[in-house]
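S.K.: Could you build the full structure based on these sequences and the hints that come with them?
Number of protein chains: 2
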Amino acid sequence: MNAPLDLAALMAEMGRKARAAASVLAQASAEDKQKAIHAAADALDAARAKVLAANSEDMAAGAERGMSTAFLDRLKLDDKRIDGIVSALRVVADLPDPVGTTIADWSRPNGLRISRVRTPLGVIGVIFESRPNVTADAGALCLKSGNAVILRGGSDSVRSSGAIHDALVAGLVAAGLPDDAIQLVPTTDRAAVGEMLKGLNGSIDVIVPRGGKTLVARVQEEARVPVFAHLEGLCHTYVDASADLAMAVSVVVNAKMRRTGICGATETLLIHRDILDTHLLPILTALREKGCEVRGDAEVLARLPDAVPATETDWRTEYEDAIISVKVVADVGEAIAHIEHYSSHHTEAVIAEDPAVVERFFAGIDSAILMHNASTQFADGGEFGFGGEIGIATGKMHARGPVGVEQLTSFKYLVRGTGQTRP
Amino acid sequence: MNAPLDLAALMAEMGRKARAAASVLAQASAEDKQKAIHAAADALDAARAKVLAANSEDMAAGAERGMSTAFLDRLKLDDKRIDGIVSALRVVADLPDPVGTTIADWSRPNGLRISRVRTPLGVIGVIFESRPNVTADAGALCLKSGNAVILRGGSDSVRSSGAIHDALVAGLVAAGLPDDAIQLVPTTDRAAVGEMLKGLNGSIDVIVPRGGKTLVARVQEEARVPVFAHLEGLCHTYVDASADLAMAVSVVVNAKMRRTGICGATETLLIHRDILDTHLLPILTALREKGCEVRGDAEVLARLPDAVPATETDWRTEYEDAIISVKVVADVGEAIAHIEHYSSHHTEAVIAEDPAVVERFFAGIDSAILMHNASTQFADGGEFGFGGEIGIATGKMHARGPVGVEQLTSFKYLVRGTGQTRP
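Top to bottom, those sequences are chains D and Z.
Going by the UniProt record's numbering, the first sequence runs without a break in its numbering and finishes at 423.
Going by the UniProt record's numbering, the second sequence runs without a break in its numbering and finishes at 423.
Quick caveat, the hints were computed from the structure, so don't treat them as lab data.
Fair warning: there could be bad hints in the mix.
Which copy is meant is left open, so a pair is good if it fits within one copy or across any two.
[To be verified] DSSO-like cross-link-like pairs, simulated, lysine-lysine; straight-line CA separation at most 27 Å: (1) Lys412 / Lys213; (2) Lys412 / Lys198; (3) Lys35 / Lys17; (4) Lys198 / Lys213; (5) Lys50 / Lys35; (6) Lys213 / Lys76; (7) Lys35 / Lys412; (8) Lys213 / Lys35; (9) Lys50 / Lys76; (10) Lys290 / Lys17; (11) Lys290 / Lys412; (12) Lys198 / Lys80; (13) Lys80 / Lys35.
M.R.: Below you can see the structure in the form of structure tokens.
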């Protein structure tokens, strides 16, 4: 699909401006970046009425188009949500600046001193959907890591995102940084996404899609530049024979039911055959009390006859809903084999007291995050101490797991000599 | 271009075997991997006669096709070169094992302990040209880092590579590791490269091209999987007004003339206007004494009238030959601007005694490697202490600079709790 000439030209121009801004940002001081993000928070706080008015227009247009309640809830801003965006900006502003920090250093026998220091990646393209707060989160994380960013929000949130973007630009200006450092694509033409995925003539270094499966799948299919993405979070919790019962109940209930719509929610419970008589029903009963539907294999149905029979499809489904699939396994080896076969390699947890089981689980599964005796819902940049995340990557190149400011950097080598020549 | 069905099927099968081998390798012990590489070195040492006979056939076929002397020199093996391959294998065998090492660890206020540990990337596709030693180097580096590898060498070196590959497989078998961990594409059909670039149905995680510009450009254009590549090494050395004269002469001569065909060779010399009377002619005279052709701008020609006038093309050319382009600049700022405009972002050096100049040079240039008072020819994994390299990456995603065993790894997060649930 080729974009009309004027759109392609508009996007190419945005790319050029972003590249120029990135050169300036790469050398911006930590203080200026911090100041810009705090000033953006101030500007957003002061522009509340304008942002809420813009959001009301988006909400009205969405309701008119018959969008679902869940969709409208993601789109909606109110004073409390704006408070949340403002404070999230301040958290990112006050993070340690990653750029220029030394990752490693060593000396060579010939006296060369080598250090590996963090640098920005360059220009990041963020493609997101209805949540307008992503404008602020992504803009601030990219700025903090010294990158220019081109943001492309969903057409349904275009007025809300525009009002938030205005505040970010005000922050850049207040700190004397280039206002092209955070650009928002000013058109709802879907062809703009296609242009970004082609990389804007080499002006975009990496694409971060934040949204549902359809968006992420399109991005991974079409992108001609690197992508930090995960297709889905099909997460597992395995309860071993050595698990503490009370802990297993509370952790599994939290992993499934705290919030069912996030990518770190557990979708499948695997349980050791030896503890069916002691652990299975307490866990499933607690889940049901929270409103969770249970779909089980034959051994589960034998103990919980009114459960729904699980089919092959269930092991492959990220419900994002109050439903759990439950399978009985012979041991941690069978649990590992099931997970390696069905998982999206996002996050998996083992509940066990036996350290040998834990180490086997940690070594045998190649997922971004492995947890022991903890809820899979901790799979989150904020919970990891990253001060926020632009997404969670399940790929293995460059970034994996929560993508925070450090993951938005590259590095270069600085070599200090005293006149060495190579023999 | 679609490959014939049997080739596509052959390649897909290699991909499946590599993926299966990668699962085993990811959990192989450090001892087994070390043992396999030493055993491969033993096998190669013992199979010298067979390897040299295979290489003689490649050489005869190459001579018959009228290949250049330089080409035949890259293809040629003799006892000394086999010694070099054997000892390079042993160096890689004895490197610290990167897999499972902890990159970072920290605790959270809720008691969760998080660590980030190295994991293999998975399956690496290496596409190379005439140098048969790449078979051994790449095979050993991938194995050491726990990755399976699919090697595709040039058709001109197919017999030599095959004989070396036999030794690598013998090493795997001796250590009880899967013999599919290091596979060599058994056909010279160029369509095999196309199949690899498409990723073999998701079986290849990253492609490493090792060869000339045509190969690397094809790979970067066609690849549908991530690539660690550099298009060229257009490296610069800047001699500042504060440079020590004797050091400037010896470092520039080494940077240009030690070996002119490697990617870390300096192609353009930038020199500060204030030292034209003292530094320019000693440097250029020393270069000429080593047989280097000088191409200069107007100010250089004013002092060295028989130099060749440099054109715009010269600033854009990686000569890979005994030619240097020389430009006079007003200060480090103009040097940085020239480098940022023309460089391939591989390696640049500054010769200076003024620390402020060095820091400006280091901060202002976004190349993989920046050197101070040292020859650009140190841009090499071995010289960095990596024990070898599979190539030098000029991209900014995942790997940058020399790609050694650590750069061939990814990571995962291990989170250890005591029953934590997320509020």
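S.K.: Now, for every hint given, state plainly whether the structure supports it.
M.R.: Results for each hint:
With identical chains, the CA atoms of lysine 412 and lysine 213 are at most 27 Å apart between copies only, with a shortest distance of 23 Å across copies and 34 Å within one. With identical chains, the CA atoms of lysine 412 and lysine 198 are at most 27 Å apart within one copy only, with a shortest distance of 26 Å there and 30 Å across copies. For the identical chains of this complex, lysine 35 and lysine 17 are intra-copy neighbours only, at 22 Å inside a copy versus 54 Å across copies, given an alpha-carbon limit of 27 Å. Within a single copy, lysine 198 and lysine 213 get their C-alpha atoms as close as 20 Å, and across copies as close as 23 Å, so both meet the 27 Å cut-off.
For the identical chains of this complex, lysine 50 and lysine 35 are intra-copy neighbours only, at 23 Å inside a copy versus 68 Å across copies, given an alpha-carbon limit of 27 Å. For a Cα distance limit of 27 Å, the shortest separation of lysine 213 from lysine 76 inside one copy, 21 Å, qualifies, whereas the shortest one across copies, 52 Å, does not. Taking CA atoms no more than 27 Å apart as the test, lysine 35 paired with lysine 412 passes inside one copy only; the shortest distance there is 26 Å, against 33 Å between copies. Taking identical chains as interchangeable, the C-alpha atoms of lysine 213 and lysine 35 are never at most 27 Å apart, the minima being 36 Å within one chain and 44 Å between chains.
Proximity of lysine 50 and lysine 76 under a CA criterion of 27 Å is satisfied intra-copy only: 14 Å inside one chain copy versus 73 Å between copies. With identical chains, the CA atoms of lysine 290 and lysine 17 are never at most 27 Å apart, being 51 Å at best within one copy and 45 Å at best between copies. In this assembly of identical chains, lysine 290 and lysine 412 lie within 27 Å of each other by CA distance neither inside one copy nor across copies; the values are 51 Å within and 32 Å between. Taking the shortest alpha-carbon separations for lysine 198 and lysine 80, neither the intra-copy value of 38 Å nor the inter-copy value of 48 Å comes in at or below 27 Å.
In this assembly of identical chains, lysine 80 and lysine 35 lie within 27 Å of each other by CA distance solely inside one copy; the values are 24 Å within and 61 Å between copies.
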